[in-house]
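Residue numbers (our numbering), protein chains in the order written: chain S, 1 to 297; chain Y, 1 to 614.
Keep in mind the hints are simulated off the structure, nothing from the lab.
Owing to the predicted nature of the structure, the values given are computational and were not obtained by experimental measurement.
Just so you know, not all the hints are guaranteed correct.
[Claimed, not checked] Pairwise CB distance ranges (calculated):
hint, chain 1, residue 1, chain 2, residue 2, range
1, S, 238, Y, 509, 20 to 30 Å
2, Y, 341, S, 76, 20 to 30 Å
3, Y, 277, S, 145, 31 to 41 Å
4, S, 155, Y, 277, 30 to 40 Å
5, Y, 237, S, 114, 30 to 40 Å
6, S, 134, Y, 256, 21 to 31 Å
7, S, 280, Y, 510, 28 to 38 Å
8, Y, 359, S, 103, 58 to 68 Å
9, Y, 512, S, 43, 19 to 29 Å
10, Y, 513, S, 103, 31 to 41 Å
11, Y, 510, S, 145, 31 to 41 Å
12, Y, 215, S, 43, 51 to 61 Å
13, Y, 175, S, 182, 56 to 66 Å
14, S, 238, Y, 69, 52 to 62 Å
For glycine and all other residues, C-beta sits at the position ideal for the given N, C-alpha and C.
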Amino acid sequence: MSSAKVAKPGKPGGENLVFQRGGFTVRKFWCAFFVFWPIVAIIYSLISSLVPSLGWWFPGPSVTELGQRIDNLFYLILYIVTAVFIGTQIAMGYVLWRASHSKDERAWFSHGSHSLEVIWSVVPSVILLFLALYQMDVWALFRVQAYFPKEARDAPIAEVTARQFEWRIRYPAPGKKLQLKPQPDDLYDVNDLHAPINRAVMIQLRSEDVQHSFFLPHLRVKQDAIPGQIIPIWFKAEKQGIFELTCAELCGWGHYKMRAQLTAEREVEFEAYLKKLQADQNYDGHATPSAVAKKDE
Amino acid sequence: MSAAGVAQEHGHADEHAQGAHGHHEQSFIQKYVFSTDHKMIGKQFLFTTLLMLMLGGALALGVRWQLAFPWTSMPIFGPLFANAGGQISPEFYTMLFTMHATVMIFLVIIPVLAGAFGNFLIPLMIGADDMAFPVLNMLSYWFMIPAIFCFGMSFYFGGAASGWTSYAVLADLRAAAPGSGSAQTMWLMGVTFVGVSSMMGSVNYMTTIINMRAPGMTLFRMPLTIWAMLITAILQAFALPVLTAAGFMQLFDRLAFGGWLEGIHTVFFIPAGLVVNNTDPTVGGGQPLLWQHLFWFYSHPAVYIMLLPAMGMTSDMLACMCRKPIFGYKPMVYSMSAIAGLGFIVWGHHMFTSGMNPALGMTFMVSTVMIALPSAVKVFNWIGTIWGGRLQFNTVTLHCVGFVSMFIVGGLSGIFMAAVPVDIYIHDTYIIVAHFHYVVFGTTMFGVFGAIQFWFPKMFGRKMNETVGKWHFLLTYIGFNGAFFPMHMLGIAGFPRRYADPYVHPYLEHLLPLNQFITISAMIMGFAQFLLLGNFLISIFRGEKTGRNPWNANGLEWAAPSPPGHGNFDVPPVCFRGPYEYSNPNRADQDFWMQTDPTRPPKNPPEDPAHGHS
């Protein structure tokens with residue numbers, strides 16, 4: 001690197017460490033260096049967002065409408081932030097170039113500008129305040145119970161209890177409502193949450209031991225499970241499929257392997273699944289083989 | 001410490017020759033070990049934190065190794081845990097990232113800013129001969145040693161493993177995790193000792209800055225470094241007691257006393273009826289969220305404790321390197337105060353998904369978003385400072401520009417997290433990791449690296465090597481961006497934090513190559529720090545000697561000898577003007593105008609320096 005030249009002080013004793021501006025190429029190199037990285041960042045972000053096959057972006061479009069609204073808010077912020085990023089980096093590159101190549105004897109003696117300070121305080125604050133207020137209704141829909149869809153609020157479909165390191169799921173018996181206390185005819189499953197599509201469903205989230213977090217990346221749903229608390233969450237999947245359910249809050253050494261899934265299926269399939277669970281649970285070991293075979297279908 | 005000692009000896013001999021301060025001879029212990037001299041204490045902090053930086057970096061590389069090459073034998077450090085086949089087990093992994101954060105936050109960033117630079121710079125920059133309470137100051141360093149001992153004991157017991165946030169119930173119940181036993185108790189003790197140390201420092205800094213300024217050093221003539229240190233000290237004084245109290249609450253939750261103390265078994269954070277690892281159900285009535293509130297009430301202001309001093313120092317360095325007054329001095333002061341004030345009412349943004357009352361999410365979102373405003377003002381002012389300057393690309397400048405550049409990235413990515421609905425998705429994913437490393441490493445550490453180079457001549461009377469310094473910057477900057485920028489993409493892809501093996505989840509499998517790239521970048525960055533360490537240590541003995549004011553800077557500290565002797569100044573300094581009178585047209589012969597320079601401007605000044613061009 002040619003910057004080695006810069007290191008040599010003008011005279012021994014080192015009284016003038018200043019004014020070692022470096023040769024023209026050195027100055028050009030560093031200006032280019034500081035402009036180069038933002039450009040790389042922009043290109044890299046563009047590739048990540050425009051080439052989904054790389055998998056460096058969202059794990060597919062959200063399968064809930066609320067998730068899409070969250071994504072839209074993300075993009076809104078992304079556009080604003082990108083504009084600010086490009087603007088500030090251009091400004092930075094420009095002032096760096098000017099300041100390192102200035103032929104003036106002296107720097108511009110200025111203590112600042114009151115009007116500029118006012119402008120760059122007021123404009124960002126308006127934008128920021130707008131951003132904050134613009135997010136409110138999505139947040140309310142996601143988290144404030146009074147704004148939940150009525151059909152979800154009235155009949156939670158399941159209770160999900162997180163524990164080290166699995167998700168235990170309790171459904172009410174078909175035709176019954178979920179009770180706070182476990183009922184004798186409740187249905188149980190582990191690590192596989194089933195939910196009907198195209199219907200807003202609510203689940204009750206709890207934790208049996210430490211703190212966990214219920215994270216459905218494809219649905220943009222995340223909610224911590226707090227021991228001692230029951231927290232309602234709702235979603236409305238609009239696509240059939242099996243989606244990952246992971247834990248997003250450190251819960252011990254096995255945090256990484258709290259792997260489970262959400263099976264989003266049509267209403268009839270969901271009902272059939274509950275029936276099957278019920279049959280399994282009521283199986284007393286004395287049924288005829290044909291009944292067992294039928295059950296296994 | 002001995003390295004610092006020898007260099008100090010040279011300087012000290014010079015001082016005695018000048019007969020500045022007729023001090024009696026001090027013993028070795030008094031001078032280098034239990035020193036009450038703020039400069040020696042600052043150097044002690046600096047040496048300790050640089051050492052800890054390497055330790056924290058090694059822990060980080062352990063984390064990175066596991067994410068890039070899961071379950072393979074680790075090179076270099078593998079033999080240390082050979083009984084596990086050199087393999088990082090999941091419980092070891094949780095310990096690694098916990099202790100990485102602990103070491104970096106409590107033993108590097110906070111002490112290097114307030115401890116090392118706060119100690120060294122405050123009396124010199126305000127023209128005092130020492131701190132207001134020198135013995136308290138000494139204690140503030142020596143309380144770091146039991147803290148380091150406690151963290152070391154935590155390692156010995158297997159290492160605390162519930163994250164540096166030490167969230168309740170996981171950290172509260174001994175049975176909850178392998179690291180939640182004695183390791184966690186020692187961890188809490190360590191944090192408490194760090195807190196005591198910081199508190200002693202902060203009381204001292206406030207008193208010193210308020211009471212001991214040189215004649216003429218009015219509040220608005222203080223360099224921005226001093227403003228930052230003052231604001232930081234206030235932040236610490238108000239926020240730390242909460243953490244200390246919370247730490248004791250968790251300790252009392254954890255300790256099962258016997259005998260007549262048996263009644264002291266609290267359940268602040270433990271609800272009733274939890275069954276952890278098949279132990280008996282807990283007796284309780286506590287609330288885990290309370291821990292999060294208390295913890296973040298300290299730890300969010302702590303983020304600014306980790307940032308503001310670096311902002312102040314960068315402002316001073318940037319003005320000097322551009323030969324130009326800082327753009328908007330008062331707006332800089334006000335924005336730092338605003339950051340500190342708002343910093344107290346934004347802690348809830350760490351808890352958006354925690355299950356607290358959703359109405360709080362809305363209020364915390366507004367306050368969090370608004371804290372971006374003073375940060376933006378600061379960035380604009382730094383760019384304004386470079387604007388029209390006469391810039392030179394030395395190592396200090398490079399680090400300052402790196403600082404501003406990285407702060408832009410870290411600040412902008414913060415807006416995503418501040419927006420609650422977006423945070424639902426990105427909370428606890430790698431985009432958070434990217435964000436806070438851009439702020440805490442990219443911003444603060446570049447500021448610190450620059451400050452080490454800038455004030456090194458004042459510390460040791462010698463200069464650090466420029467070529468090595470530039471290579472260090474180059475490699476760190478490239479490694480840093482290579483390591484942390486792609487983490488934004490990991491976060492958007494939903495890659496959660498703190499996973500020992502994320503690839504058991506099918507939707508994360510394809511991210512392994514990207515993680516390998518990140519790890520290689522992190523290694524480049526990690527090994528580049530040996531350049532800094534070597535440059536630092538060798539320059540203490542071999543560096544080029546410098547005079548009092550090698551940078552032609554304005555501050556009071558540059559009027560003292562390099563290195564300053566006991567009592568700092570040979571001539572008691574008087575301050576005549578603000579610290580940023582670079583390139584003032586009233587000074588025709590030189591482009592700086594030291595604060596101690598009694599020269600008056602001519603009767604009819606060509607321009608009123610107070611108003612400048614605006």
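Here's how the hints hold up against the structure:
no.	hint	in the structure
1	S:238 with Y:509: 20 to 30 Å	holds, 25 Å
2	Y:341 with S:76: 20 to 30 Å	holds, 28 Å
3	Y:277 with S:145: 31 to 41 Å	holds, 33 Å
4	S:155 with Y:277: 30 to 40 Å	holds, 34 Å
5	Y:237 with S:114: 30 to 40 Å	holds, 33 Å
6	S:134 with Y:256: 21 to 31 Å	violated, 51 Å
7	S:280 with Y:510: 28 to 38 Å	holds, 36 Å
8	Y:359 with S:103: 58 to 68 Å	holds, 59 Å
9	Y:512 with S:43: 19 to 29 Å	holds, 23 Å
10	Y:513 with S:103: 31 to 41 Å	violated, 48 Å
11	Y:510 with S:145: 31 to 41 Å	holds, 37 Å
12	Y:215 with S:43: 51 to 61 Å	holds, 56 Å
13	Y:175 with S:182: 56 to 66 Å	violated, 24 Å
14	S:238 with Y:69: 52 to 62 Å	violated, 39 Å
Going through the hint list in order, the structure does not satisfy hints 6, 10, 13, 14.
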